[in-house]
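Throw the hints in and build the complete structure from the sequences for me.
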Amino acid sequence: MKHFTIADLFQDTRLFDMEQPFLFLSVNRNLPINPAIVQNIEQRTGLRYQNKISDGEVCFAHLNAELRNEYKQTFTKQDILDYIYHQLNSQKLTKETKDISDIFLSYPRNADEFWER
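Its first residue numbered 1, the sequence shown is counted upward by one per residue in the working numbering.
Careful: at least some of the hints might be erroneous.
Computed list of lysine-lysine pairs in BS3-like fashion (alpha-carbon distance at most 30 Å, straight line) [said to hold, decoys possible]: (1) Lys2 / Lys52; (2) Lys92 / Lys2; (3) Lys52 / Lys72; (4) Lys72 / Lys2; (5) Lys92 / Lys77; (6) Lys77 / Lys2; (7) Lys77 / Lys52.
Ranges of calculated distance between the beta carbons of each label pair, as one might list FRET restraints [as the list claims (entries may be wrong)]: (8) His86 / Gln50: 29 to 37 Å; (9) Asn30 / Gln91: 18 to 26 Å; (10) Asn69 / Gln43: 27 to 35 Å.
Hint data in this document are derived by calculation from the structure and do not stem from the laboratory.
Where is the CB? At the ideal position from N, CA and C, for every residue including glycine.
Next comes the structure, spelled out in structure tokens:
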């Protein structure tokens, strides 16, 4: 499988508005993400998904905006949302696009492609 849809990613998309897809992503950041898609991204990129940061974590490298992509080892839900924003921005959503299952998002082929946004 090379693609997924927003309907695949989020388990509850009833509030999705085709007129404002970016608003849905920004307002609904707390919706659970489909673990199968997260796992697929992990396998393709070699990165590890970090669901939340624990209080006892010693390394905060992922919070460093200056950290070069090739040194990043984990990704977060926010990184997935950023990746989706980038893809939606690059697609031409037309009035013919009536359903979120019509919006195909590509899985990243590798970590470089995932961070490239």
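Hints violated by the structure (numbers, ascending): Per hint list: 8 and 10 violated.
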